[in-house]
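**Student:** Starting from the given sequences, assemble the full structure and let the hints guide the process.
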Amino acid sequence: MFIGDNLLSKINQLFDFSQFSKIAVLTDENIPKSLVNKVEKSLKRELIKIIILPGENKKNIETVKKIWETIFKNGFDRRSLLINLGGGVIGDMGGFAAVTFMRGIEFLNIPTTLLAQVDASVGGKTGIDFQGIKNGIGVFKDPVGVVIDVDTLKTLPKRELIKIIKQSIKIKLNIVKKDSKEKDLRKVLNFGHTIGHAIESLSWKTDKPLLHGEAVAIGMVAESKLASLLGLLSDKDFKKIKNSLINAGLPVNIKNIKSKNIKKIILSDKKNSHGTINWSLPKKIGKVLINVKAREDLVIKAIESIII
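For the sequence shown, full-length UniProt numbering begins at 1 and goes up steadily by one.
No lab work stands behind these hints: they were computed from the structure.
What you are looking at is a predicted structure, and each value in this text was computed from that prediction instead of being measured.
A portion of the hints provided could be inaccurate.
[Unchecked claim] Result set (DSS-like, lysine-lysine): computed pairs, CA atoms no more than 27 Å apart in a straight line: (1) Lys22 x Lys41; (2) Lys38 x Lys163; (3) Lys73 x Lys141; (4) Lys154 x Lys172; (5) Lys125 x Lys166; (6) Lys255 x Lys301; (7) Lys33 x Lys22; (8) Lys263 x Lys293; (9) Lys125 x Lys187; (10) Lys239 x Lys205; (11) Lys141 x Lys170; (12) Lys283 x Lys170; (13) Lys293 x Lys125; (14) Lys170 x Lys242; (15) Lys263 x Lys58; (16) Lys258 x Lys205; (17) Lys10 x Lys154; (18) Lys141 x Lys205; (19) Lys258 x Lys287; (20) Lys38 x Lys58; (21) Lys73 x Lys58.
**Tutor:** Right under this line is the structure:
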């Protein structure tokens, strides 16, 4: 993994690209062409460009088919490389397309959003949405490398960005190294995601779809409420969690979504086993319990607490 500034212009110095017979770059219409041009200029070879429509609603098997068709028509073999240049959707879907093409070709991730850089860049998760379930189909596979160029972010000073990204990755990597396939410890990272993923999926059908981070923030509030109802989390810590999210400018409530629809999706969550929802819930700030069971009436009550 490489983290720094102006890395796209010198990406040829970071890896040995001569080993790859062909190289394609997957991106979407929101990504500036200048970023693709920087990579192509640095590599000094022509790239096959695959540009898709942006958005979570495009992270599906139909888009993956288009990726497969493009690289197949261009003579890709098992010595080829797919570069995923974009946000979390590009990284998830591009990785999945790569590991399933000819039983697996290498892929390189160049995340361009802060969330993708600190979250999707670590852990080896690839996947697509299926039947309304976020990441319903996917596999674990690490990319051949990750390049994080802070020049793709313009909201904070470069030194601060590098510091934030490195520290965030360090925290997640410490957990992922101990549990790469999410059998035990890594489940703590699922806090907020069970309800959050359901809310995110349902929001796609509204006129204001939620970003992944926004949906997870709402999910964190609902799941903290559930922990409180179970007697695991104090009211004081629940309020701290909720207020921290509010102070960060994140949403903590939703509207125009019914609790029964949220419940229906979380029952299909891939983290469940034997028809039982396995919750990752906070016991206190900085401490999460995994595989927690909860009565249905308490789950509904927690969900309804975030609906306005």
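**Student:** If a hint holds in the structure, say so; if it doesn't, say that too.
**Tutor:** Hint-by-hint comparison with the structure:
no.: 1; hint: Lys22 x Lys41; result: holds, 16 Å
no.: 2; hint: Lys38 x Lys163; result: holds, 24 Å
no.: 3; hint: Lys73 x Lys141; result: holds, 24 Å
no.: 4; hint: Lys154 x Lys172; result: holds, 24 Å
no.: 5; hint: Lys125 x Lys166; result: holds, 19 Å
no.: 6; hint: Lys255 x Lys301; result: holds, 15 Å
no.: 7; hint: Lys33 x Lys22; result: holds, 20 Å
no.: 8; hint: Lys263 x Lys293; result: holds, 15 Å
no.: 9; hint: Lys125 x Lys187; result: holds, 13 Å
no.: 10; hint: Lys239 x Lys205; result: violated, 30 Å
no.: 11; hint: Lys141 x Lys170; result: holds, 19 Å
no.: 12; hint: Lys283 x Lys170; result: holds, 23 Å
no.: 13; hint: Lys293 x Lys125; result: holds, 25 Å
no.: 14; hint: Lys170 x Lys242; result: holds, 25 Å
no.: 15; hint: Lys263 x Lys58; result: holds, 24 Å
no.: 16; hint: Lys258 x Lys205; result: holds, 13 Å
no.: 17; hint: Lys10 x Lys154; result: holds, 19 Å
no.: 18; hint: Lys141 x Lys205; result: violated, 30 Å
no.: 19; hint: Lys258 x Lys287; result: violated, 30 Å
no.: 20; hint: Lys38 x Lys58; result: holds, 26 Å
no.: 21; hint: Lys73 x Lys58; result: holds, 22 Å
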